[in-house]
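Protein chains: 2
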Amino acid sequence: MKHAEFSGRLVMLGFGSIGQGVLPLILRHIDIPADRITIVTAETRGEEVAAEYGIRFILQAATRENFADLLSPLLAKGDFLLNLSVDVSSVELMKLCQKLDVLYLDTVVEPWAGGYTDTSLTPSQRSNYAMREAAIALRETAQGGPTSVTAHGANPGLVSHFVKQALLNIARDTGAPVANPPPASDRAAWAGIAAKLGVKVIHIAERDTQVGDTPKKPGEFVNTWSVDGFVGEGCQPAELGWGSHEKALPPDGHRHGFGCDAAIYLMRPGASTRVRTWTPLEGPMHGFLITHNESISLADYYTLRDADGAVTYRPTAHYAYHPCDDAVLSVHELAGKNWEMQPEKRLMTDEITKGMDELGVLLMGHAKGAYWFGSRLTIEEARRAAPHNNATSLQVTAAVLAGVIWAMENPRQGVVESDEIDHARVLEICAPYLGDVVGEYSEWTPLEGRGVLFPEEVDAADPWQFRNFRVT
Amino acid sequence: MKHAEFSGRLVMLGFGSIGQGVLPLILRHIDIPADRITIVTAETRGEEVAAEYGIRFILQAATRENFADLLSPLLAKGDFLLNLSVDVSSVELMKLCQKLDVLYLDTVVEPWAGGYTDTSLTPSQRSNYAMREAAIALRETAQGGPTSVTAHGANPGLVSHFVKQALLNIARDTGAPVANPPPASDRAAWAGIAAKLGVKVIHIAERDTQVGDTPKKPGEFVNTWSVDGFVGEGCQPAELGWGSHEKALPPDGHRHGFGCDAAIYLMRPGASTRVRTWTPLEGPMHGFLITHNESISLADYYTLRDADGAVTYRPTAHYAYHPCDDAVLSVHELAGKNWEMQPEKRLMTDEITKGMDELGVLLMGHAKGAYWFGSRLTIEEARRAAPHNNATSLQVTAAVLAGVIWAMENPRQGVVESDEIDHARVLEICAPYLGDVVGEYSEWTPLEGRGVLFPEEVDAADPWQFRNFRVT
Ligand SMILES: NC(=O)c1ccc[n+]([C@@H]2O[C@H](COP(=O)([O-])OP(=O)(O)OC[C@H]3O[C@@H](n4cnc5c(N)ncnc54)[C@H](O)[C@@H]3O)[C@@H](O)[C@H]2O)c1
Ligand SMILES: NC(=O)c1ccc[n+]([C@@H]2O[C@H](COP(=O)([O-])OP(=O)(O)OC[C@H]3O[C@@H](n4cnc5c(N)ncnc54)[C@H](O)[C@@H]3O)[C@@H](O)[C@H]2O)c1
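For the record, the sequence lines run as chains W and L. If you're matching positions, the first sequence starts at 1 in the numbering used here and goes up one per residue. If you're matching positions, the second sequence starts at 1 in the numbering used here and goes up one per residue.
Please note that the accuracy of each hint is not assured.
Pairs count within a copy or across copies, as identical chains cannot be separated in the list.
Computed list of lysine to aspartate or glutamate pairs in EDC-like fashion (alpha-carbon distance at most 20 Å, straight line) [stated by the list, open to error]: (1) Lys217 <-> Glu380; (2) Lys2 <-> Glu443; (3) Lys77 <-> Glu5; (4) Lys337 <-> Glu443; (5) Lys337 <-> Glu448; (6) Lys368 <-> Glu448.
Worth flagging that the hints you see were computed from the coordinates, not collected in a lab. Keep in mind the model is a prediction, meaning the values are calculated, not measured.
Work the whole structure out from these sequences, hints included.
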């Protein structure tokens, strides 16, 4: 079924696991002839997939020097730049699109190559906080301009819509249903709902159980989506939206001293930072506190302030990611080498033999304790639903598709974050690709099962303090 | 080739991976008729292996209540009790053997079932330090009695002999060869050699790369040797021999306040405590600081004191264990469940498809920096060398064989630790089963590659301080 018709041209920059996975969805759900689509990418990877669909394939890496010359001839007013690359500055691409009057979407605010680990920058400057500030700084000049959707994949992206649906479900189940959900543009109304429900902490709680038939080799980084993407963000400082209920900054926690101030960073890589979290099928587990755009955007969006501008409400928000087992091993090995990348990398797709991606949001501290809402997508379901995808990529590509359609339907919104997009419309488009979408309450808290073998320092008075979640 | 002839009876208590692996070695190298051997064990596991060799198999768990009645009829003066079980008190078995005038060997000082995680005991009482103290307390009454070898497998066990050979090699390579190595009974002479060479730290540095063709399932603990054994010791406090060069106790470090005082413990499970270490093939890596008998016995053995009894020299000594990848994942999962054991366990043997156990000792702080000496045994070599073994078990079973032979050759030594056993004799017996036995120097220190992405607190003045090795 076609959701939209598009008469412009579409340029896809980058054609890795997400690019290859979203192409069949675009052709299935958007009315656009294949000869109006062009792929520009840095490697031959995916060339056979492009050929399968009859899509023009330009093998050329975009760089600081050439990106404008490379892309401008391919794009004019009313066209679409879909950025699914690594190593190309999202902010520079957004500026170009504003200039050319071209629609734009990416799934992450990406820096130029090496930006995540550029040690000439401070950890704060290498943070997602700084990258998001640079992206949303374009809001003002982009007002009334072509829609530029920033950071709309699964997470960041889809999870912002899960949070909204989860809030509505909790409100319904605690006897205070929201009769008319406010529009996404009404930030304060949504923050008011979260505050009223007493949501103190939001985790993006993900457990990827996909496994393959080829064990990870020493010296190989294995993952179910971009290895470069994951290593890049894993080496950035751990970051989290910093809630108003938190009693004290972590000993290694820092504020940025500029921008929205909704988040802090820890003076260490996220891939070395483990936190306690929970998903319905896995139960209690340790996840990595990998920095993500949504940790900051959610905390910022759900902030309430008094008349003087002082924060009266904000949830703590962060990612708690249990990647696939081979990626856990890969991170362990990478840490052992002091974050020097393994010589080999492998993105698992066809060799996956079983497993699922259990990806959702865990809202905690309200009257019913903890509520997880999200997608449970098995590799078998993913393969049935769409070609060239695994369970992880399909959760992303469905959200990319939905974001692209929303931008086409709302073409003059300027720079827009996921939280500002209509959650119902996105969830409707994504639904066929998310497997079981379920909500489950739990009495789990990070104090459960603690201090049995050894005394542990916890804040017993408030289970929802970040220090209770933190492992390393 | 037969190394020894034994006219007594041999009782094997426990018949898991080590019991099954050592039986063919015993039959190959000790002249003992099969009908003089009896297996007593708690499960049917291995029954077919016992049958293959025509060995009597008694299915009966030993308990606090029944062990004396169960074993006494099977053992009399001059017989041998080979304890390769879990969950049976080594100290009680040693007492029984002293009473019955029976030779004895075990590979670990084991408590009764649940002893590793008995929360009615303090962490100090649950430590290997306390268990070793209880074992060596028998020394005095056992003087001149039948030989009781305590904790002689690969590690504890073989690694004590690796340390001696490594010291001799370093002495040779630094221009101060030891012309006549002192006997193992001359503790002070060996400690003097280590002190003169300036050895500050000894790691048991192990990297097990064995992988199988069946990925670990959620809820399953997978390992290449006893799952119960590993989980038990992994849940004990992290422990390490505490060197005289260490400037300050770790914040969570504690002395025991009784016994030899050679070691400290940390107020946390070893399986949650990662340290930096190095092996020649793996290079730098993170291992788990799992408590082990040898961490304490080595530190105790290599202690020098002045006339007033004050310690003038002692190396820091501990295990830095990178178990097989599936076990790393299993530990990660176990930690996520707050050390509540997975419902399923799997000991990999036949399903191993490749990999090796690189097990050695890493002596650091001497004139040539770091020196690793140990065994590199691949699964293929292990299978060629002996049936019913993988690479991990064969390193253990070869050492068990050697310990048993040594006890038969030296039957009236009372209670003996590995460090007190002739290293040359043991290495000679083990050699055919250890693959490549190699020594390699390295310039690696735990400061290598540190502080690149983020500032890290290190003691730059002395690389060999424990705080520099510690990760979590
Ligand atoms: N928000 C989300 O949920 C989410 C999820 C997965 C991935 N992502 C992001 O999406 C992006 C793509 O992920 P993936 O798994 O497809 O990555 P991938 O590593 O599989 O593919 C990256 C692609 O970018 C191309 N590329 C690299 N450098 C380039 C350059 N200079 N110019 C043009 N193309 C270049 C590569 O050739 C490759 O085709 C990454 O930035 C990743 O972080 C976001
Ligand atoms: N020092 C070393 O290098 C080293 C290495 C590996 C194992 N070990 C130790 O050796 C022992 C055996 O290891 P494994 O890998 O063979 O273990 P395993 O788990 O494979 O087997 C344990 C055996 O003990 C038996 N058992 C359990 N409870 C018993 C009881 N109450 N009475 C009699 N038998 C009982 C089980 O039935 C099984 O046969 C463990 O204590 C382990 O820690 C030491």
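Against the structure, the hints come out as follows:
In this homomeric assembly, Lys217 and Glu380 come within 20 Å of each other (Cα to Cα) only across copies, at 17 Å, whereas the closest approach inside a single copy is 25 Å. Taking identical chains as interchangeable, the C-alpha atoms of Lys2 and Glu443 are never at most 20 Å apart, the minima being 42 Å within one chain and 63 Å between chains. Proximity of Lys77 and Glu5 under a CA criterion of 20 Å is satisfied intra-copy only: 16 Å inside one chain copy versus 92 Å between copies. Proximity of Lys337 and Glu443 under a CA criterion of 20 Å is satisfied inter-copy only: 15 Å between copies versus 39 Å inside one chain copy.
Taking CA atoms no more than 20 Å apart as the test, Lys337 paired with Glu448 passes between copies only; the shortest distance there is 9 Å, against 33 Å inside one copy. In the homo-oligomer, the alpha carbons of Lys368 and Glu448 lie at most 20 Å apart inside one protomer (16 Å), although the nearest pairing across protomers, at 49 Å, exceeds that limit.
Of the numbered hints listed earlier, the single one contradicted by the structure is hint 2.
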